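Colleague: Residues per chain are reported as follows:
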Amino acid sequence: MTYTVRKFDAVVVGAGGAGLRAALQLSESGLKTAVLTKVFPTRSHTVAAQGGVAASLGNSEEDNWHWHMYDTIKGSDWLGDQDAIEFMCRQANQAVVELEHYGMPFDRVDNGKIYQRPFGGHMSNFGEKPVRRSCAAADRTGHAMLHALYQRNIKVNTQFFVEWQALDLIRDADGEVLGVVAMDMETSEVVAFHAKATIFATGGAGRVYYSSTNAFINTGDGLGMAARAGIPLEDMEFWQFHPTGVAGAGVLITEGVRGEGGILRNADGERFMERYAPNAKDLASRDVVSRSMLTEINEGRGAGPYKDYVYLDLTHLDPQVILKRLPSIHEIGIQFAGVDCLKEYIPVVPTCHYQMGGIPTNRFGQVVVTKGNDLSSPVPGFYAAGECACASVHGANRLGTNSLLDLLVFGKSSGEAAVASIRENVKAHKPLPVDAIEKSLARLDRLNTQKGGSNVHETRVLMQRTMQKHAGVFRFSQLLKEGVDKILEVAQAVARTEIQDKSKVFNTARIEALELDNLIEVAKATMISAEARKESRGAHVRDDAHDTPETPDGRDDQNWLKHTLWHRDGNRLDYKPVQMKPLSVATIELKKRTY
Amino acid sequence: MPEDRHVRLGRLRWQCRRALLELDLLFERFWQRYGDTIDLQDEAALGQLLALDDYDLWALVSGTQKIDDPQLIQMIERIRNEFVPLDHERMSDNFYFNATT
Ligand SMILES: Cc1cc2nc3c(=O)[nH]c(=O)nc-3n(C[C@H](O)[C@H](O)[C@H](O)COP(=O)(O)OP(=O)(O)OC[C@H]3O[C@@H](n4cnc5c(N)ncnc54)[C@H](O)[C@@H]3O)c2cc1C
Chain A
83 MTYTVRKFDA VVVGAGGAGL RAALQLSESG LKTAVLTKVF PTRSHTVAAQ GGVAASLGNS
143 EEDNWHWHMY DTIKGSDWLG DQDAIEFMCR QANQAVVELE HYGMPFDRVD NGKIYQRPFG
203 GHMSNFGEKP VRRSCAAADR TGHAMLHALY QRNIKVNTQF FVEWQALDLI RDADGEVLGV
263 VAMDMETSEV VAFHAKATIF ATGGAGRVYY SSTNAFINTG DGLGMAARAG IPLEDMEFWQ
323 FHPTGVAGAG VLITEGVRGE GGILRNADGE RFMERYAPNA KDLASRDVVS RSMLTEINEG
383 RGAGPYKDYV YLDLTHLDPQ VILKRLPSIH EIGIQFAGVD CLKEYIPVVP TCHYQMGGIP
443 TNRFGQVVVT KGNDLSSPVP GFYAAGECAC ASVHGANRLG TNSLLDLLVF GKSSGEAAVA
503 SIRENVKAHK PLPVDAIEKS LARLDRLNTQ KGGSNVHETR VLMQRTMQKH AGVFRFSQLL
563 KEGVDKILEV AQAVARTEIQ DKSKVFNTAR IEALELDNLI EVAKATMISA EARKESRGAH
623 VRDDAHDTPE TPDGRDDQNW LKHTLWHRDG NRLDYKPVQM KPLSVATIEL KKRTY
Chain B
-10 MPEDRHVRLG RLRWQCRRAL LELDLLFERF WQRYGDTIDL QDEAALGQLL ALDDYDLWAL
50 VSGTQKIDDP QLIQMIERIR NEFVPLDHER MSDNFYFNAT T
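Keeping their order, the protein sequence lines are chains A and B. Under the numbering used here, the first residue of the first sequence carries the number 83, and numbering increases by one thereafter. Under the numbering used here, the first residue of the second sequence carries the number -10, and numbering increases by one thereafter.
Hints are computed from structural coordinates only; laboratory data are not their basis. Being a predicted model, the structure only gives us computed values, none of them experimental. Hints should not be assumed to be uniformly reliable.
Quick list of in silico lysine-lysine cross-link-like pairs, BS3-like style, CA-CA up to 27 Å [said to hold, decoys possible]:
hint: 1; chain 1: A; residue 1: 663; chain 2: A; residue 2: 673
hint: 2; chain 1: A; residue 1: 406; chain 2: A; residue 2: 425
hint: 3; chain 1: A; residue 1: 406; chain 2: B; residue 2: 55
hint: 4; chain 1: A; residue 1: 389; chain 2: A; residue 2: 551
hint: 5; chain 1: A; residue 1: 425; chain 2: B; residue 2: 55
hint: 6; chain 1: A; residue 1: 114; chain 2: A; residue 2: 509
Kindly generate the complete structure, drawing on both the sequences and the hints.
Modeller: In C-alpha cells:
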C-alpha cells in the first residue's frame, strides 16, 4: 500500500526537557530535525517539576561534583552505573550555566549568583550533612526550562509536529532503527518518519499505578514502542514513590517544602523522621522517607479516620517564605486537601512518582543491547534520553532534582552522539523495510474491528490497581507471584480492547487505547522484574529479604548487584553487571545505605 | 464547512490533557459532568482557557488570579466546582498498605 514518508536527518519523539535539549543539539548543528509530540511542547510533563535542578555550583556553601556523584551512587543504592553518574555530575554546572544563557530565570541571591536550596539526599563531604545544591526558578523550574528550550529551538528551525502520536519504531532486519510510524491526531493519517537517527524522549509511565503524581500524559509510549521492537527494558522494578502526595488525590507537594523547613509528623504530632534518619531527618532520601511514613501508618500512628496518612507541617514557617518561594503549595493544600497550610497540617501519603528504569542506554544516550559477548552494543540509529531512558544514573532510587539534570545532560549527549554518527557514518537514508508501517496498521485495524472486547477505561483501572496492590511501596513475595498471573491476565484484556467511537478526528478513545498498549508493557516488565529480584534495594523492598550481616537491610550484593533486562518476547529476563568503575576517580565502594 | 461538534469537542477534550495532574483531575470530572451539554459559548470559553500555560490556567482555576471576562469567569467557576478535597471514601478503598490485603 502507499503511504506518506517524511524524511529528516533526525526525528525526536517527545518535546519535554530531554527531547527539546536533544533537538536543540541536532538543529544547532544544522541537521534537519523533527520533533513529534502528543501535546504542545510547553505542556509536556516537565512543566510540573517544581523543586529544581541539581548542580554543585557551590554558590551558597562549598560543594563539588565528586560529593554529588557520591550522593547519587549512594541514593541509587549502588545500582547506578558509576561512569554515567560521574559524567552527569561533572556536566551539571555547564548544563545549568547553558540554561542560564538561554534565558532561564533562576532565583538569585544578593550577589547575583543562582540561589540554591537543599534537597533530599544531597549532602556535603561524602554524606556528612545536607548541602544547598538545587537551582530553581521559584517553584516553576521545569516550566521555565521548557520555555527557554522551546524558544531556542524555534530560533534554530526545529520542526515541530504537535498533536502527533508515535505508534511504533521502524527497525529493519539488521536491527537498525530507521525512524518511527506516527499518527496525526487531527486526521488519523499514519505517516512514516524516515530518519538517520531516532531519539526517544517520551517521558515516564507513572500512570501505570493507580495513585500517581504524574499527569495523564505519562503513559510510557516510548517503552512500549521499544519493547514491541525487541528492545529490552532495564530495571523496571524500581519505581520511586514520592513521600508527599496529597492523600486521596495524588497531587504532589514538592520536597522543596521540606527543604524550606517542612516537617513530617504522625498522628501524635511526633516528628518521626528523627527516629529513622537522625542526621538527614525529613530530608533523607525519598525511599527512606516513604518507608518510614508507611511504617508509622502500619504501626497505627497514622492520622485521619482510617489512620492512613501522616501530616506535613509547615505551620512554623514564615508565611512569607511559603507564599514567596512555594506559592502553589498553599493553593494545593486548600484545593485538594481542604486545609490552609499556613495554619493546618497537610495530609500526605507516598505516591508513585518516578520511573528509575527504562530503555537501556550508555552515557552517550545510545540505546544498547546484548550482542554476543558485548553486553552494551549500541543499536544503530537509536537513542533515548530523559525519564524513558535508563543510563543508568538513578539505579534503584533517584535523588530529587537529579532528573531535570538527567534530561539536560543526556538530552544533549544523545543529540551530540546522533550528530557525530550522522556526520561520520550515515551519509544517506537506509531504505525503509517494505513492511515499515504494517505492524502499526494492524494494531489500528484490530482496534477498529474488535467486537465484544474489553472496555479501555475499566481495563486500565484494573491494571493500575493490580500494580498498586501487587507491586507497591512495600513488596511481598506472595503478592508479587499472584501479581504476575494477574497482570498477564490484564494483558490479555488489553489485547482485546474495543472502542465505540471510530471517528478519525481527535478520537481520544483511540488515543487512550493505543496508550494502554504501551502501559501494559511497562506493567508486565515491572511486575515480572520485581517478582524475580529476591532482595531489597533502593525503592524495591521485599518482605522476604532479611537484614543480615551479609545482606544489610536485605540488600544482597553477592547475587543481585546487577541490572535487570526484561524482554517482551516470552517475558524473558536476563541481567547485566553494574558499571562500578567511574571515568576518572576511584570506585565509590559498596556500603550500607544509611542517612 | 464548519467542523462538526464531535470534531471540535474531540480537539478540546484532547487539549485538556495538561502538564499538571491538578488540571487533569479537574477536567476529567468536568467532561464527565458537562461533556454532553457544552454549547458554542462554552466551547469558545474553554478554547481560550486551554490556550493558556498550565500555571496561568491553574492560577485562574485556583483563584490566585482574577480575570474580567464574564464568559471566562463562568467557565472557571464550573471547572473549579469540581475540586475534591480529601476524599475519605476513595482512600478507604485501601491500596497504599498492601501489607494488610
Ligand atoms: C509533579 C512532579 C514534579 C517533579 N519535580 C521534579 C523536580 O523538581 N526536579 C527534578 O529533577 N525532577 C522532577 N520531576 C521529574 C521530572 O519532571 C521528569 O522526570 C522529567 O520532567 C521528564 O522529562 P522528559 O523530557 O523525559 O519527559 P516529559 O517532560 O514527560 O515529556 C515527554 C514528551 O513526550 C511526548 N510523547 C510521549 N509519548 C509520545 C508519543 N507516543 N508520540 C509523540 N510524543 C509523545 C509528550 O508529548 C512530551 O512532549 C517531577 C515529576 C513530577 C511528576
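Colleague: All hints, please: hold or fail.
Modeller: Results of checking the hints against the structure:
no. : hint          : in the structure
1   : A:663 - A:673 : 16 Å, holds
2   : A:406 - A:425 : 16 Å, holds
3   : A:406 - B:55  : 19 Å, holds
4   : A:389 - A:551 : 18 Å, holds
5   : A:425 - B:55  : 24 Å, holds
6   : A:114 - A:509 : 14 Å, holds
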